[in-house]
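Residue numbers (the working numbering), protein chains in the order written: chain A, 20 to 392; chain B, 10 to 333; chain C, 7 to 363.
None of these hints come from the bench; they were simulated from the model.
Don't take every hint at face value.
[Claimed, not checked] So the derived list for chain C, only partly shown, Cβ under 7 Å to chain B, looks like this:
1. G104
2. P109
3. G112
4. E167
5. V179
6. F180
7. V199
8. H201
9. S322
10. A325
11. L331
12. Q356
For glycine and all other residues, C-beta sits at the position ideal for the given N, C-alpha and C.
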Amino acid sequence: MLVSARPPADDSLFSLLDDDGQVRPGSRVPEVSDELARKLYRGMLQVRVVDERMMRLQRQGRLGFYMLSIGEEATHFAAAALRPADWIFPSYREPGAAFWRGYSMTDYVNQLFGNAEDPVKGRQMPVHHSARWLNYVSISSPVGTQIPQAVGMAWAAKISKKDDVALVYFGEGTSSTGQFHVGMNFAGVFKAPCIFFCRNNGWAISTDQKHQTAARSFAVKALAYGFPGVRVDGNDLLAILAVMEDAVARARAGEGPTLIEAVTYRRSGHSSSDDPSVYRDPNEPKEWERRDPIDRWKRYLGTRGLYSEALEEQYRKEINDEVSDALAHAEQVAPPAVETMFDDVFAELTPELEEQKRYLLSFPRYVNPHGGS
Amino acid sequence: MPVWNIIQAVNDALRIEMRRDPRVVVLGEDVGKFGGVFRATNGLFDEFGPDRVFDTPLAEAGIIGAAIGMALYGLKPVPEIQFADFIYPAFDQIVNELAKFRYRSGGQYPAPVVIRTPYGGGIRGGHYHSQSPEAYFVHTPGLKVVIPSNPYDAKGLLLSAIRGEDPVIFMEPKRIYRAAKGEVPEGDYTVPLGQAKIVREGSQVTVLCYGAMVHTVVEAVEKVAAEGFDPEIVDLRTLLPLDSETVLASVRKTGRAVIAYEAPKTCGYGAELSALICEKALMHLEAPIARVAGFDTPFPYSLENEYMPSPDRVAKAIRDTASF
Amino acid sequence: MDDHGVADPDRVPSLTPEDWLRIYRGMVLIRVMDERLMALQRQGRIGFYGEARGQEAAVVGSAAALAPQDWIVPALREAGAGLYRGLPLRTYIAQIFGNANDPASGRQLPCHPGTRASHYVTMSSCIASQLPHAVGMAWAAKIKKDNSVVLGYLGDGATSEEDFHVALNFAGVFRPPVVFVCQNNQWAISVPVAHQTASPTVAIKALAYGFPGIRVDGNDALAVYGAVKEAVDRARSGGGPTLIEALTYRVSAHSSSDDPSRYRDERITETWRARDPIVRMRAWLAFQGFLDAAGDERLRADLDAEVRDAVAAEESVPAPPLRTLVEDVFAEVPQFLADQLAEIATLPRQKLGGAHQ
Ligand SMILES: Cc1ncc(C[n+]2csc(CCOP(=O)(O)OP(=O)(O)O)c2C)c(N)n1
Ligand SMILES: Cc1ncc(C[n+]2csc(CCOP(=O)(O)OP(=O)(O)O)c2C)c(N)n1
Ligand SMILES: [Mg+2]
Ligand SMILES: [Mg+2]
Numbered sequence: 020m021l022v023s024a025r026p027p028a029d030d031s032l033f034s035l036l037d038d039d040g041q042v043r044p045g046s047r048v049p050e051v052s053d054e055l056a057r058k059l060y061r062g063m064l065q066v067r068v069v070d071e072r073m074m075r076l077q078r079q080g081r082l083g084f085y086m087l088s089i090g091e092e093a094t095h096f097a098a099a100a101l102r103p104a105d106w107i108f109p110s111y112r113e114p115g116a117a118f119w120r121g122y123s124m125t126d127y128v129n130q131l132f133g134n135a136e137d138p139v140k141g142r143q144m145p146v147h148h149s150a151r152w153l154n155y156v157s158i159s160s161p162v163g164t165q166i167p168q169a170v171g172m173a174w175a176a177k178i179s180k181k182d183d184v185a186l187v188y189f190g191e192g193t194s195s196t197g198q199f200h201v202g203m204n205f206a207g208v209f210k211a212p213c214i215f216f217c218r219n220n221g222w223a224i225s226t227d228q229k230h231q232t233a234a235r236s237f238a239v240k241a242l243a244y245g246f247p248g249v250r251v252d253g254n255d256l257l258a259i260l261a262v263m264e265d266a267v268a269r270a271r272a273g274e275g276p277t278l279i280e281a282v283t284y285r286r287s288g289h290s291s292s293d294d295p296s297v298y299r300d301p302n303e304p305k306e307w308e309r310r311d312p313i314d315r316w317k318r319y320l321g322t323r324g325l326y327s328e329a330l331e332e333q334y335r336k337e338i339n340d341e342v343s344d345a346l347a348h349a350e351q352v353a354p355p356a357v358e359t360m361f362d363d364v365f366a367e368l369t370p371e372l373e374e375q376k377r378y379l380l381s382f383p384r385y386v387n388p389h390g391g392s
Numbered sequence: 010m011p012v013w014n015i016i017q018a019v020n021d022a023l024r025i026e027m028r029r030d031p032r033v034v035v036l037g038e039d040v041g042k043f044g045g046v047f048r049a050t051n052g053l054f055d056e057f058g059p060d061r062v063f064d065t066p067l068a069e070a071g072i073i074g075a076a077i078g079m080a081l082y083g084l085k086p087v088p089e090i091q092f093a094d095f096i097y098p099a100f101d102q103i104v105n106e107l108a109k110f111r112y113r114s115g116g117q118y119p120a121p122v123v124i125r126t127p128y129g130g131g132i133r134g135g136h137y138h139s140q141s142p143e144a145y146f147v148h149t150p151g152l153k154v155v156i157p158s159n160p161y162d163a164k165g166l167l168l169s170a171i172r173g174e175d176p177v178i179f180m181e182p183k184r185i186y187r188a189a190k191g192e193v194p195e196g197d198y199t200v201p202l203g204q205a206k207i208v209r210e211g212s213q214v215t216v217l218c219y220g221a222m223v224h225t226v227v228e229a230v231e232k233v234a235a236e237g238f239d240p241e242i243v244d245l246r247t248l249l250p251l252d253s254e255t256v257l258a259s260v261r262k263t264g265r266a267v268i269a270y271e272a273p274k275t276c277g278y279g280a281e282l283s284a285l286i287c288e289k290a291l292m293h294l295e296a297p298i299a300r301v302a303g304f305d306t307p308f309p310y311s312l313e314n315e316y317m318p319s320p321d322r323v324a325k326a327i328r329d330t331a332s333f
Numbered sequence: 007m008d009d010h011g012v013a014d015p016d017r018v019p020s021l022t023p024e025d026w027l028r029i030y031r032g033m034v035l036i037r038v039m040d041e042r043l044m045a046l047q048r049q050g051r052i053g054f055y056g057e058a059r060g061q062e063a064a065v066v067g068s069a070a071a072l073a074p075q076d077w078i079v080p081a082l083r084e085a086g087a088g089l090y091r092g093l094p095l096r097t098y099i100a101q102i103f104g105n106a107n108d109p110a111s112g113r114q115l116p117c118h119p120g121t122r123a124s125h126y127v128t129m130s131s132c133i134a135s136q137l138p139h140a141v142g143m144a145w146a147a148k149i150k151k152d153n154s155v156v157l158g159y160l161g162d163g164a165t166s167e168e169d170f171h172v173a174l175n176f177a178g179v180f181r182p183p184v185v186f187v188c189q190n191n192q193w194a195i196s197v198p199v200a201h202q203t204a205s206p207t208v209a210i211k212a213l214a215y216g217f218p219g220i221r222v223d224g225n226d227a228l229a230v231y232g233a234v235k236e237a238v239d240r241a242r243s244g245g246g247p248t249l250i251e252a253l254t255y256r257v258s259a260h261s262s263s264d265d266p267s268r269y270r271d272e273r274i275t276e277t278w279r280a281r282d283p284i285v286r287m288r289a290w291l292a293f294q295g296f297l298d299a300a301g302d303e304r305l306r307a308d309l310d311a312e313v314r315d316a317v318a319a320e321e322s323v324p325a326p327p328l329r330t331l332v333e334d335v336f337a338e339v340p341q342f343l344a345d346q347l348a349e350i351a352t353l354p355r356q357k358l359g360g361a362h363q
């Protein structure tokens with residue numbers, strides 16, 4: 020599908036589109052069909068619209084917690100360079116990758132509400148999705164834990180003589196964890212077909228990237244593990260697809276892992292509980308609005324004659340309708356049945372859990388007077 | 010039937026299962042060519058090759074994290090942590106990830122990983138080659154915890170653990186790795202998880218124990234039996250799920266309980282057993298429950314034999330409890 | 007220095023002949039001690055021992071670069087660095103016997119020494135766990151402005167641990183006066199360094215943390231001293247951390263419990279034995295006219311006698327008293343621990359434990 024665009028061998032910033040969506044002169048760009056180009060646009064728009072709607076809901080007190088990706092949407096669609104059989108190990112900030120695979124708005128909203136139809140049965144906080152049927156792995160709150168797991172998955176594919184690859188997402192703050200280190204090191208030693216996608220959005224809650232490491236970039240860290248690291252403009256979807264294509268090809272060919280640092284910016288708060296005005300200059304996110312990944316892609320579509328306002332309107336309406344329908348539905352669905360609390364601890368209930376379940380069911384259902392869903 | 014020690018029995022179980030099920034892989038520090046520092050994986054590398062048996066870099070979080078990923082992909086990894094004392098760098102992967110994966114994904118992502126790790130004192134190993142951390146794992150919902158005390162059980166329990174669908178912490182009592190010998194059937198058999206074993210029937214007092222402590226208890230019981238006492242010994246074999254039926258039936262019969270374990274006394278597994286007995290069999294008790302355990306200090310080196318519950322200490326507890 | 011002890015005079019760090027001889031003495035002490043204590047272990051007189059054979063230049067060359075106020079946070083093969091800087095030999099031997107003279111009351115495995123007075127921190131068996139501590143100590147030194155530097159040692163295997171990563175990352179970010187010396191002896195028990203990491207060297211890992219990484223011939227005491235001295239001076243003057251990789255070889259077994267013939271080609275070990283750091287240092291000292299054969303003989307005989315005397319004196323010292331079992335868990339012995347001790351006080355004493363596996 021895509022033609023290799025030769026990302027740089029060092030950690031200088033790789034980009035293909037300028038802020039106006041023009042292909043930089045002299046670049047060889049990946050081949051993106053008209054249909055795919057529009058689908059990617061719709062995908063990013065979907066993430067944006069959903070984020071805005073959910074955040075409003077959260078502010079109205081109808082949703083307990085939420086995490087936004089405003090300005091980072093392009094990174095989610097690194098997943099578009101994968102085959103459906105490949106695996107995605109997400110962090111909490113790549114819902115677009117799930118949507119891309121076919122995760123429905125209903126599933127998404129049900130998960131946020133933790134209701135009886137939530138694919139994870141209301142067991143996790145909002146934004147911790149899991150979709151086994153899409154090879155989209157369960158999200159964990161402790162950051163970085165997914166990294167060695169993704170390596171193990173990729174390694175297992177290699178052992179099983181299959182050419183599946185694993186894509187693991189994490190933030191630049193997460194590169195400081197031991198999990199990052201052991202995962203990267205194992206991947207280097209075992210040449211696991213794993214792609215490490217570091218979303219460098221500049222912030223880990225209130226800690227800016229300069230305080231996270233003294234290394235000259237995050238991509239350079241790959242050298243410590245004996246494989247390539249590339250640094251790409253994370254708001255340039257075309258460039259992301261190009262480096263991903265390269266990394267996927269290397270992984271499938273048995274050449275081992277790649278670290279990709281996608282440089283972007285977290286324009287919103289860390290989560291609905293955060294207030295970034297306490298720790299950063301409000302002009303900084305403004306600056307980054309100019310480099311918005313969706314606008315850039317939109318202009319790129321324009322250069323190819325694929326964009327019209329009517330198309331955007333149509334997409335927005337479709338998405339908004341989907342959200343409204345999903346919300347209307349989700350708010351009707353009851354919370355999970357009490358007895359489900361004891362399921363899935365083990366494959367089968369242990370006698371202890373059986374007894375605890377009987378005990379709990381002997382009481383009327385408790386309603387927390389202090390809220391909670 | 011061959012007479013084997015626990016290492017041979019574990020080794021045999023791994024070999025049988027690796028032959029039977031191509032999904033089973035072994036990974037850990039020094040488990041390959043070297044065959045493990047205790048030789049439990051001896052010969053596996055030669056037989057199954059570098060695609061089934063892996064020497065990993067020195068990183069326990071990496072070992073367990075990667076094993077989880079392998080399990081999600083459909084393999085059956087059996088990682089080894091070289092000493093239970095070095096399991097803590099992987100604590101997050103075990104407690105927050107392995108134990109919760111099935112549950113947090115609504116049943117979509119079970120992660121059946123069996124972690125083998127030698128544990129316990131009595132080998133002159135000091136703080137970092139002697140600890141008994143089983144209580145942390147029993148306290149973590151989603152993990153099964155198995156501790157065999159003899160070669161027969163070691164093989165049968167390990168085969169059950171690997172064939173099961175749940176994560177298991179399989180703790181091997183290294184003090185008796187070579188010392189505990191017994192007849193082990195060749196070929197395939199299993200010992201189900203969650204079933205305790207009555208090692209000695211008796212009428213007077215129930216002694217609950219597991220792992221290496223079973224042997225200490227047997228020694229103590231030989232002493233006190235010669236004095237006319239008649240204790241019953243229960244080897245728990247699986248700490249979670251616990252065979253509470255067997256435990257309670259025995260205590261109801263004898264009316265007295267002594268609990269022996271090597272880990273520090275406070276909040277150790279014995280505390281749970283004691284609470285269970287109080288909740289379910291208090292009216293049958295004719296004496297206070299006694300715990301004989303390690304002290305609430307880090308595991309020492311020179312004085313390790315003073316630290317560990319000795320046959321003398323167990324014998325004293327049996328006498329005191331029986332004649333209360 | 008080449009394998010025959012020939013060095014370019016312009017590049018030899020400036021130290022007095024006495025200083026170089028002191029370094030040599032520290033190296034020979036390790037060798038003499040290793041030989042003696044391994045023999046004791048084989049006779050079953052001590053429970054466990056780990057040699058530093060072939061790594062003497064890396065151990066002593068690095069420690070020699072420190073000032074008296076500096077600290078060592080060791081890994082597992084640097085007892086010689088402690089001895090070089092004032093850890094008394096008798097104290098170390100007492101630790102190995104785990105007897106009543108051991109300042110840590112026999113609480114740890116042999117080869118886990120440490121005293122505050124010698125600025126040598128008591129080690130843990132847990133690989134790499136010391137590295138964040140080294141960073142914390144150095145950070146504290148920076149906060150207190152007390153002009154001391156911390157030397158944190160590690161093995162090549164330790165580079166794989168989480169603690170390595172978090173320690174070096176903190177060091178890069180906070181720039182405390184810490185120097186990491188990795189003794190890359192190319193083995194972690196049975197795992198060769200090529201299976202430990204895919205990076206071409208250990209030194210290159212410093213790039214990931216934003217400070218210099220240097221690779222040095224670890225069997226060349228002059229080179230190790232020179233590289234570490236430069237890093238220590240830079241750290242002291244506020245120039246931040248350095249990672250030094252001292253490339254050497256574990257010519258002995260991992261420990262007294264190990265048998266390397268099971269997993270490696272001992273012919274390669276032989277080629278490394280031929281690059282013996284003590285032989286090279288002795289040749290250099292001889293070229294310089296600092297040491298003759300008779301002097302070397304005398305030195306060895308003296309050190310051997312010293313080690314034998316220390317062993318003889320410590321072997322007969324009894325085990326630590328029973329109360330040490332519950333001391334030092336907390337600052338004061340709490341009542342519940344005193345009660346636990348009382349439970350066994352009336353029972354007959356146990357024998358000392360069996361051998362370590
Ligand atoms: C192990 C762990 N420590 C701390 C936290 C709290 N925490 C949640 S997100 C976060 C920042 C992560 O930053 P980064 O990796 O850059 O990802 P981003 O939020 O920018 O996408 C922190 C500290 C956590 N979830 N897990
Ligand atoms: C956390 C931890 N895991 C495993 C071990 C077991 N172990 C002891 S030494 C060792 C190898 C260490 O290799 P390296 O860091 O290269 O040091 P060397 O022995 O070569 O000096 C291992 C795996 C340990 N002590 N600590
Ligand atoms: Mg971030
Ligand atoms: Mg080493």
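Worksheet item: So which of those numbered hints doesn't the model satisfy?
Response: Numbers 2, 5, 6, 7 and 9 - these are the hints that the structure violates, sorted from lowest upward.
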